[in-house]
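For the sequence shown, the UniProt record's numbering begins at 1 and goes up steadily by one.
Because the hints were derived from the structure by calculation, they are not lab data.
Every residue, glycine too, gets a C-beta built ideally from N, C-alpha and C.
Be a bit skeptical, because a hint or two may be false.
[As the list claims (entries may be wrong)] Pairwise CB distance ranges, derived in the manner of DEER restraints:
#1 126 x 85: 20 to 26 Å
#2 307 x 126: 51 to 57 Å
#3 286 x 369: 34 to 40 Å
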Amino acid sequence: MDDGDPESGSLNDFWGSEDPIFDRKELLDIDLVPTEERIIGRDSEIENVASSIHPAIKGQSPRNTLIYGKTGTGKSLVAKHVTRSAQNYALENGTKMGRAYIDCTQTKTETRVVINLARALNEPEKTGVSIPVTGLSTDVYYERFWSILDQLYDVAIIILDEIDKLQNNEILMQLSRAGEAGKLDSCKVGIIAISNKISFKESLDERILSSLQDREFIFPPYDANQLREIMYNRDDAFKDGVISDDVIPLSAAFAAQEHGDARKALDILRNAGELAKDEGADEVTEDHVRNAREKANIDRFSQLLEGQPTQIKASVYALSVLAEQHSEREEFATREIYEMYQNITSDSALGIETLSQRRMSDKLDEQVFLDILGQVERVGRGYSSGVTNYYYLLEDPAVVQAVIHNDSRFSELEKN
């Protein structure tokens, strides 16, 4: 017999208590697609994307679209908002439009993309088609996917976010040529591909470029005024009167320094509220914003480095030490980084082998691909002619080291 938890009364008080800081915290969620009046500074971008897919609302073939821009410039937000609006309008006017979103940082292989698209768009009670998560060949998954599209939709819009993270671009060929190749009988398919890298298109071969026939749009960074307006349009995430007057301007200023990153702005604002709540404060202040900025930087970099091998952490750590020692410089040659890397890996506490310079350089290149580091090529003159790779941090050295020190192997380096 359960006599009850003697502490249940106090817990019930806790469960029933109101949040003293937040009212609608979900408004600060970076994945939220808000109503159009809350989308700031992207009117022309909305119009451009809408014009590309406009034929789809009548069941006709939409234009394929490539969207470029730095992180936090509203690319995913606009693509999701426009396709959601188009789908609602199309369905009200008798066009069966499907839409699906794929985050290519999480879904990197062609087979997995096809599986996720098929599962997102399928209605098995109508199609009679099953999509197991494993066990079929890629060709069979494609066959079932095409069957789903033809049975359920007049047109489908597919958003491939951070498409440059895919292992290959075959999915673009398959989707863009599905009708021409006879894979689809009636359904039309449109692609919205999103990338942080304006050079992404250079990685596509002529076959894909020919079949895409895409429109391209570049989303500029938000300026400080737009960032302020974005946050003021979501300040009802907080209880009335709990944020001081300088909180939003300061959050916007910090985010403007990060190439106008609206995600960073909302992260800072949300984290500032959480810090105030944890402290039991009655108000969110400038100090909370400053502390939240540091926390947002560490959280972001922790996510990027999560699960990375020790060798990669050692190479990134080497670059961070150089950046710290030479604050007047931003870029460092492979040779300089390798010398510091050798010093770090020679520490017996780490217990890892020292790779060759070429292999360490490969590790650095992987981090450029993952947006952990930046890279530039310099052409030498005279006797030093030739191309040399230089690398630079995309985050403050102190943040990089704080994250890497959380790995027990590197904790001893913090003491040295």
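Out of the numbered hints, which ones does the structure contradict? 2
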